[in-house]
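S.K.: Here's the letter readout for the chains.
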Amino acid sequence: MTTVVEARGLTKVYGTTRAVDGVDFTLQSSEIVGLLGPNGAGKTTTILMLLGLTEPSAGTISVLGHDPLHDPLEVKRRVGYLPDAVGFYDHMSARENLLYTARLAGLTRREAGDRIATALSRVRLTDVADRPVGSYSRGMRQRLGLAEVIMKSADVAILDEPTSGLDPQSTYELLDMIRELRQDKVSVLLSSHLLDRVQSVCDRVLLFQQGKIALQGTVPELARQVLGGGYAIQVETQRTDVYAALDGIPGIREIHPEGGGRFRVIAESDLRSVIATRLVGSGADLLRLNVVEPSLDDIYARHFASRAAA
Amino acid sequence: MTSMHATSPAAPRRKGSPWTGLGTVFVKELADHLSSARMRILEILVLLTGIGAVYTAIQDIRTVSGDAPYLFLLLFTHARDPMPSFIALLGFLIPVIAIGLGFDSINTEFTRRTMSRLLAQPIYRDALLLGKFLAGLATMTIGLVALWLLILGLGLLLLGIPPSGEEVARGLMFLVVAIAYAGTWLAVALLFSVIFRSPATSALCALGVWLLFSVLWQIIAPFIAQAIAPQDPVAALFGVPSVAQMQWEQSLSRLSPNTLFAEATLAIMHPATRALGPVFQSQLRGAVIGAPLPLDQSLLLVWPQITGLIATAIILFAAAYVLFQRQEIRA
Chain A
17 MTTVVEARGL TKVYGTTRAV DGVDFTLQSS EIVGLLGPNG AGKTTTILML LGLTEPSAGT
77 ISVLGHDPLH DPLEVKRRVG YLPDAVGFYD HMSARENLLY TARLAGLTRR EAGDRIATAL
137 SRVRLTDVAD RPVGSYSRGM RQRLGLAEVI MKSADVAILD EPTSGLDPQS TYELLDMIRE
197 LRQDKVSVLL SSHLLDRVQS VCDRVLLFQQ GKIALQGTVP ELARQVLGGG YAIQVETQRT
257 DVYAALDGIP GIREIHPEGG GRFRVIAESD LRSVIATRLV GSGADLLRLN VVEPSLDDIY
317 ARHFASRAAA
Chain L
824 MTSMHATSPA APRRKGSPWT GLGTVFVKEL ADHLSSARMR ILEILVLLTG IGAVYTAIQD
884 IRTVSGDAPY LFLLLFTHAR DPMPSFIALL GFLIPVIAIG LGFDSINTEF TRRTMSRLLA
944 QPIYRDALLL GKFLAGLATM TIGLVALWLL ILGLGLLLLG IPPSGEEVAR GLMFLVVAIA
1004 YAGTWLAVAL LFSVIFRSPA TSALCALGVW LLFSVLWQII APFIAQAIAP QDPVAALFGV
1064 PSVAQMQWEQ SLSRLSPNTL FAEATLAIMH PATRALGPVF QSQLRGAVIG APLPLDQSLL
1124 LVWPQITGLI ATAIILFAAA YVLFQRQEIR A
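Chains A and L supply the protein sequences, listed in that same order. Going by this note's numbering, the first residue of the first sequence is number 17, and it counts up by one from there. Going by this note's numbering, the first residue of the second sequence is number 824, and it counts up by one from there.
No lab work stands behind these hints, which were simulated from the structure alone. Among these hints, one or two may not hold up.
[Unchecked claim] To be clear about the criterion: a stretch of chain A counts as covered by chain L if any three or more of its residues have a C-beta under 8 Å from a C-beta of chain L, and this derived list gives those stretches: (1) 67-73; (2) 80-94; (3) 103-109; (4) 112-122.
[Claimed, not checked] Sample of chain L residues lacking proximity to chain A, with all beta carbon distances greater than 12 Å (derived): (5) I864; (6) T900; (7) A902; (8) L912; (9) G988; (10) E989; (11) G994; (12) W1040; (13) Q1041; (14) A1050; (15) V1066; (16) S1074; (17) A1098.
Only a predicted model underlies this, so the values are computations on that prediction, with no experimental measurement involved. We put the beta carbon where it would ideally sit given N, CA and C, even for glycine.
The whole structure should be built from the sequences, with the hints applied where relevant.
M.R.: In structure tokens:
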């Protein structure tokens, strides 16, 4: 594991607003990290600073050992970028669009031709590669944007809201393609405001809030941090009074009713067997008993709710 | 110099050539221009007016005796009501074409959302801006050279005599001035395309500037000159403007690239032109009125106009460059 991107005290001030406020983070090789947070939390600004497209007001960045401010060409040569709502030249075909960027990236015409063919087949656009991009759907454009990143054979891929505005089917396809990037030893930095979908591909997430990183870590780590740790066990049963049946089991912290005969039991360890024995022993019909995986949506909602309360 | 860099991290030195990717941008933009429908329309417009002007000129020239000097230059400069001379038409049309090519060069990259994708490639913004400017200029050059050759060919066919060496040289000089003029207006259009995110606003503003300099400036300049320069009692007695007023008026009108173009082409294509400002009787003593100047003397006369045009283009381009460098990339 080597660090490919490192930001220290990254700050961007527009007038009086601090769009990004003292952000520290790293990206390791072959890692997928999600930059998550609401719109306007500073994700895109952070990305633009990493690429040297915006000058930071303070802080330092190192991308593959280069400073994007001093040596933007080297950084941009080795980093692939898929911007938010990516645009193409509508009158040109997919192949021509990619050829233009490939030539700008310094590839020779022959080199570019091979790489473009491979990249287009990876994102399954080979059949429509010679149609003008104006006729493409939103999902196809996003895939074409990803093809550009693949074509560059970049070491780092920075994807800004790659799934926004896509239907579920296209989203899953795109996320699969992003997962494939890791197999090519590409480190991926991915921004999104759609938490649950991104959760499935990210090794680690950074939760942005008002220009700061509110939380960072793996999803289970964050769950422990925010949801107070422990296991959330969902129980569904009819008839019996669950509170009475489960009373006195060591390790159960709380029981929340969720309606429709469902309850959420917060426990310190996996107490499923004990709960099952108790409930069945009390003559109840046990319809469901499962451990709830913490979702990023829960973490997010809980974190910001507690912030708002405080 | 190095110590300054060491102490001021705010002014880092960029690594790599600012011209990386310039050729690629140039080729792509040139191909876009040459294949665009807009270019077709502009070409037809220029072709029709060019042929019209030259055709009326040739009809008149044929009635003149065949041994008049500089017959070929007459093709460019001859005017008969209601048809203005070819040069006057070009003075009017070149800005329109240049604005048509340049008004949306930068801002559409933003509206199409291609700007961030382009600048994420290993190029500097310098290459993008200059590539677009040079592609526009090359497009105009191709058009103007084609038109110039067309007129020369028409002249050969319809007049039946070849142009002299000096006529060709003056024609080439005219071409250079026309390209410099086109560059100036292209820089105007490029500047507006950087300033305004909306292509429509940019086009309207560029056309407004064009209207100001091609029509209104000739009307306004004398008034400003009168307001600045004091009236000379002797001149007032004769009912003419004073020398100071005339000089002011001329200086003011030369702020307009259209005036510079008109003056430069006048001296180049009319070899008999000896001066471009007010001339006193005493200065003409010994001069053979109507005798043509040699080419180098004509060039000397219009040198300030030509450099003025080129300098204006460079200053406007520099302004566009500075603004573009400071622009935020996020849409």
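S.K.: Does each hint hold? Answer for all of them.
M.R.: Hints, one by one, checked against the model:
Counting residues of the region 67-73 of chain A whose beta carbon lies closer than 8 Å to any beta carbon of chain L gives 3, which meets the minimum of three for the stated coverage. With 9 residues bearing a CB less than 8 Å from a CB of chain L, the region 80-94 of chain A meets the requirement of three and the coverage assertion stands. Figure legend: the region 103-109 of chain A, annotated as covered by chain L; annotation consistent (4 residues with Cβ-Cβ distances under 8 Å, at least 3 required). Counting residues of the region 112-122 of chain A whose C-beta sits closer than 8 Å to any C-beta of chain L gives 6, which meets the bar of three, so the coverage hint holds.
The claim that I864(L) lies off the interface holds: its Cβ sits roughly 17 Å from the closest Cβ of chain A, which is beyond the 12 Å cut-off. Listed as outside the interface, T900(L) is consistent with that label: its C-beta sits roughly 41 Å from the nearest C-beta of chain A, beyond the 12 Å cut-off. Against chain A, the non-interface label of A902(L) holds: every CB pair exceeds 12 Å, the least being about 41 Å. For L912(L), the condition that its CB be more than 12 Å from all CB atoms of chain A holds, with the nearest at approximately 31 Å.
The beta carbon of G988(L) sits about 43 Å from the closest Cβ of chain A, which is more than 12 Å, so the claim that it is off the interface holds. E989(L), annotated as away from the interface, keeps every beta carbon of chain A farther than 12 Å; the closest lies near 45 Å. The claim that G994(L) lies off the interface holds: its Cβ sits roughly 37 Å from the closest Cβ of chain A, which is beyond the 12 Å cut-off. With a cut of 12 Å on Cβ distances, W1040(L) stays outside the contact zone with chain A, its closest approach being about 38 Å.
Separation of Q1041(L) from chain A is adequate, the least Cβ-Cβ distance of about 41 Å exceeding the 12 Å criterion. Here A1050(L) stays apart from chain A, with its beta-carbon at least about 41 Å from theirs, past the 12 Å limit. For V1066(L), the non-interface assignment is confirmed: its Cβ lies about 53 Å from the closest Cβ of chain A, beyond the 12 Å cut-off. S1074(L), annotated as away from the interface, keeps every beta carbon of chain A farther than 12 Å; the closest lies near 42 Å.
Annotated as non-interface, A1098(L) keeps its C-beta farther than 12 Å from every C-beta of chain A; the closest such distance is 51 Å.
No hint from the list above goes unmet by this structure.
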